[in-house]
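Protein chains in written order, with the numbering used here: chain V, 1 to 334; chain L, 1001 to 1283.
It should be emphasised that the hints constitute simulated quantities derived from the structure, not laboratory data. Heads up, the beta-carbon is just placed ideally off N, CA and C, and yes, glycines get one too. Among the clues, some could well be false.
To be verified - Far from chain V, by Cβ distances over 12 Å, these chain L residues were calculated:
| id | residue |
| --- | --- |
| 1 | D1173 |
| 2 | V1197 |
| 3 | F1221 |
| 4 | I1258 |
Claimed, not checked - If you anchor each label on the Cβ, the simulated ranges turn out as follows:
| id | chain 1 | residue 1 | chain 2 | residue 2 | range |
| --- | --- | --- | --- | --- | --- |
| 5 | L | P1227 | V | A89 | 24 to 32 Å |
| 6 | L | A1122 | V | Q204 | 52 to 60 Å |
| 7 | L | R1012 | V | E184 | 42 to 50 Å |
| 8 | L | L1198 | V | K207 | 36 to 44 Å |
| 9 | V | S161 | L | V1137 | 54 to 62 Å |
| 10 | L | L1167 | V | H225 | 25 to 33 Å |
| 11 | L | A1122 | V | E184 | 15 to 23 Å |
| 12 | L | F1124 | V | R232 | 28 to 36 Å |
| 13 | V | D226 | L | N1266 | 47 to 55 Å |
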Amino acid sequence: MTPDAKGETVLEVRDLHTHFFLRRGVVKAVDGVSFSLRRGEVLGLVGESGCGKSLTALSLMRLLPKGGAQTIKGEVLLGGENILECTPAEMREIRGRRISMVLQDPQTSLNPVFAIGDQLREALLRRKRAPLTRAPHAEVMKEAVAALRRVEIAAPEQRISQYPHQMSGGMKQRVVGAIAISGEPGVLIADEPTTALDVTIQLQYLKLLKRLQAETGMAILFITHDFGVVGRMCDRVAVMYAGRIVECGPVRRIFEAPQHPYTRALIASVPKMTGPVGRLTTIEGQPPSLMDLPVGCRFASRCSLVEQRCLDAYPGTVRVGDEHTADCWKATPA
Amino acid sequence: MGSKARVRRTARVPWIPIAIISVIVIMALFAPLLAPYSPIDQTLRDKLLPPAWMTGGSDKYFLGTDAFGRDILSRLIYGARVSLMVAVLALTVGGGVGLAVGIVAGYVGGAVDSVLMRLVDAAFTFPAILFALLLSVTMGQGLGTLVIAITLLLWASFARVIRGEVLSLRQRDFVALARVRGCSAPRIMLTHILPNVLNTFMVLVTLNIGVVIIAEATLSFLGAGIPPPTPTWGLMISEGRGRIADAWWVALIPGIAITLMVLSVNLFGDWLRDRLDPRLRQL
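Required output: the full structure, derived from the provided sequences and hints.
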């Protein structure tokens, strides 16, 4: 993989629908999500709690939670191949090698009864498809040390024999990162990887992710609810609301000229570093129930610019600029 | 968890329980070398002699003799053999089955879980002693029958506790990430779930050693266990039961042996659990 081959689409999601089928009804948690991810790019997926960000990520891995969740429609094209049609055995080959993931909580992301080195070893050997028992121990451990050094862990030779509880949260999250990229995946899904870390460690971790990306050329789907992190990390942003992506575009465009009222409201509710200090804007009301979605625009009930047509029908996706789309009746086509 | 008291106790190796367990294990292993007499031969002339330190006791029989004039020390030494053998076999088989069922039910979930757990419920409603009696009638008395009977008594409680543990482990992110890495379900169960429930398993085993020894005693007492005259601790208690008023040592000595054994194993298990917990290591 060469990092300079930026631009080629590695992951394309088309019209993804993942619903929960419960006795009380159908929860449309992911309801028509489309986006694409290019090599060497960071796409931010932002939205409030419960808008379907994490479930979108799990749908891509095909690791839906037990209890009625099902992907009923759509395509997930990984290097042109629709992985929704793969067999479970094929999926196991894909996971870890072509698409990998980092989760929110480093405290529970590592197995508490194994030393760090052994957990890295499992991941490293899987990459080579080597049988776990026959691999020479010393050699793999040398690789594990290198993997830890790559994620900037000091004194990796000592760390390798330590247990997760002997490390700080930031360090654990680095180890989780090392394991996630050990299979050299083309796509990394990072589901709020810095939420559980404190702010100074967050910054270090984000810089590390950026550096690793520059080295490997992998594409990152970065899920977060923090616009500050988006500005630092992402090339493009997709804003999710009630199971759909309502606006998607380059970071700069989204920050400077948001087209969807929801995006605008979200950005307005982030405290600013400059300008007079006033009351922070909030978005009134609640998102619609995912069991009983309105026919029209899903943000209509909270939107200050709402009109009759917003309630009558869902607005199509409008191209509002270069690589910039918004699902709003009021958006002006470019 | 992790309180100062716990940590301090962790640091102290329980030498006394280890010594007691070692003595009993050595007794069991080298019974023919250690026992002064045969455990079966009767010397009716010397029946019901009290232990050597009491008035009327004989230097020949340190712990006295039973109603048939058999040396209690020798029977105790040989009895350790049977009790330990039954405990090891029943806990290996019963505990192993329970562990496997618990992990599969907890991890796989769904219909598999429902079916396995209904089996566990059924096993709990089963009158184990009645079943053991039935087995001894159909298969004949002996070690095999006893082990099967105790296994049937044990596996369900192991399965239920382990399943509960696995249900909470399954929710943890490291299991999700193992799947993300492409690990198969059997691999996750073996390398990620199993080591995490071993502590619980060890605690269950130590707690159940007492249960097994008592179950063996009960079944031997009822005539469904090891047939006499082979000595087992339970059988010795039941043989001494009728003479508790005038020859209390016949029942009390094996009773003390069972108590010491169960207590030591529990104390040792407690320490072992703390040692095995990596969260408490190197504190």
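Here's how the hints hold up against the structure:
1. D1173: Violated, because the least Cβ-Cβ distance between D1173 (chain L) and chain V comes to about 4 Å, which does not exceed 12 Å.
2. V1197: Nearest chain V Cβ is 10 Å from V1197 (chain L), so the label is violated.
3. F1221: Given a closest Cβ separation of 41 Å, the condition holds.
4. I1258: Given a closest Cβ separation of 34 Å, the condition holds.
5. L:P1227 x V:A89: 24 to 32 Å: At 54 Å between Cβs, range violated.
6. L:A1122 x V:Q204: 52 to 60 Å: Check passed, 56 Å falls within 52 to 60 Å.
7. L:R1012 x V:E184: 42 to 50 Å: holds (48 Å)
8. L:L1198 x V:K207: 36 to 44 Å: Roughly 39 Å apart at Cβ, these two residues keep to the hinted range, so it holds.
9. V:S161 x L:V1137: 54 to 62 Å: holds (57 Å)
10. L:L1167 x V:H225: 25 to 33 Å: Cβ of L1167 (chain L) to Cβ of H225 (chain V): about 29 Å, so the range 25 to 33 Å holds.
11. L:A1122 x V:E184: 15 to 23 Å: violated (50 Å)
12. L:F1124 x V:R232: 28 to 36 Å: violated (57 Å)
13. V:D226 x L:N1266: 47 to 55 Å: 51 Å Cβ-Cβ, so the 47 to 55 Å window holds.
Consistency with the previously given hints fails for numbers 1, 2, 5, 11, 12, ordered from lowest to highest.
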